[in-house]
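**Q** What follows is each chain in one-letter form.
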Amino acid sequence: MSYFGNIAKGIKTLLTGMSVTGNYFLHSRKGAITQQYPDNRETLKMFDRFRGEVVMPHDENNEHTCTGCQKCEIACPNGSIEIIWDRQLDPETGKKKKMIDKHIYHLGMCTMCGLCIEACPTDAILWAQNFENSVYDRSYLTKVLNKPGSKVKAGIED
Amino acid sequence: METTTITNNFKSEEYFINMGPQHPATHGVLRLLLTIDGEIIKKVEPDLGYIHRSIEKMCERDSYQQIVHLTDRMDYLSSHINNEAVCLAVENALEIDIPERVKVIRTIIGELTRIASHTLWWGVMGMDVGALTTYFLGFRDRELINDIFEETCGARLTMNYNIPGGLMYDIHPNFIKRVKDFIAHFKTKLPEYDKLLTGNVIFQKRMKGVGILTKEDAISFGASGPVGRGSGYSCDVRKHHAYSALDKVNFKEALRTEGDSLARYEVRVQEMWESMSIIEQLIDNIPEGDYKVATNAVIKLPKGEFYQKVEAARGELGVYIVSTGTKNPYRLKFRSPGFSNLSLLNHIAVGGKIGDLVASMATLDIVVPDIDR
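Chains D and E supply the protein sequences, listed in that same order. Heads up: the first sequence runs through residues 975 to 1132, numbered per our numbering. Heads up: the second sequence runs through residues 36 to 408, numbered per our numbering.
The following block holds chain D by itself, in its conformation from the complex (with noise of 0.2 Å):
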């Protein structure tokens, strides 16, 4: 191969290179795949399965499913997940029956492995699609998932 025929070959590797790269440049928005993130937030649709945050849905009479079984804090494996709970008179039955206090949840150390969620046997908790948890201080990340005043659904047991 002569050094000549060595410049010209070399060149035209280039030029297929080039074309490639020229073709995306003229047909430069086909097959995008970009989002334009903080302009979309109102048509933004996450997966169902996305993980978020844990959260503990509530009906509208304020009650929840959650029976304080700590299954959940158990399979947690970083202890995310702490419930304060009690043995509190059931007025129906007159029995002493075990009831959450606080089901306090620390966003900033959760792995989102989804553990507790499939630990819990009466779907207390569930994933959350929302991922905007910049915070300015980390004390906010520690949350308490039941509401304030709220109370277990009649008939829930585990």
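Everything hinted at is true.
Some chain E residues near chain D, calculated using beta-carbon distances under 10 Å: (1) M93; (2) D97; (3) I102; (4) L105; (5) R108; (6) T168; (7) L172; (8) T187; (9) G189; (10) A190; (11) R191; (12) H207; (13) K224; (14) K230; (15) Q239.
Since the hints were derived computationally from the structure, they do not count as laboratory data. Think of the CB as a built atom: it goes at the ideal place given N, C-alpha and C, for glycine as much as any other residue.
With chain D held as given, fit chain E onto it using these hints.
**A** Then chain E, alone, in the frame of chain D:
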């Protein structure tokens, strides 16, 4: 007029320089202590431990279900395969039969993970040797796989989709269609990779004959994965010790004999084609059935030692469990591919230039959390 004579009596002196821990070409916090003479490398000494998180010790604290999510954080680019390794080890120890559906889904997602890992490697490797466009093309195609993972597993990177006994959820209804769309898309894009980079004269000059590793050295250093196969060492765990549904599929083991950086590059590009062929063979006939079998809430392994190896995107990942019959392992050791692949860096880089070191490191495809654990 007075003349000065320039005497050439400067001695060449070796000197010491740090590469990393914050160097962009080391892909993470890896510090290399280089002893160089001008541009010629005399010695490379990797310094590890910057992101050591004592994952193996934490495994001794956790139950077998909880261990799985820690393996996401080792080699984060092949997290599904890491999870699968732990789950297979636990399932083999418990001697439980896994439904065919689970095996097929695990294999499909594992191969998707491999493609995602190799596209990311292709992008950053091109950027290391000076081709910026590859970065954008590689990440564009990986994004589509990440969307598939997000829809089915719930997370894009640290998926934690496997549990001992099966999968956490069944696959999403859109999964099969999305995977087929991706394969059709990627089949048109992978030839573009070759067109852009493989034939490029600058890239060829940077890669050919750089960082040569012979087959004997590859075996004695414990190289595995594409690094070993680039030197002609047939070491594909999927071929030799098939696990999950890999015994049902036909695929070729990518092998090259040159042992240089270009050979390792070609092995990975061919592996992307082979992974696509594996997915195509399985995606149309996912058997019906359960997506998990019930295990005890507290898994206790029988007393003994258990070993399971799988082919992660970077090579052979081994999980070695010593159990005393309790709910935690007595000792859990991961044999990670990155650690043994890094150990041969000094061998292949000595005598080359600093630019060649970057090229050979890029084709070793090092992920630092996998090395440090």
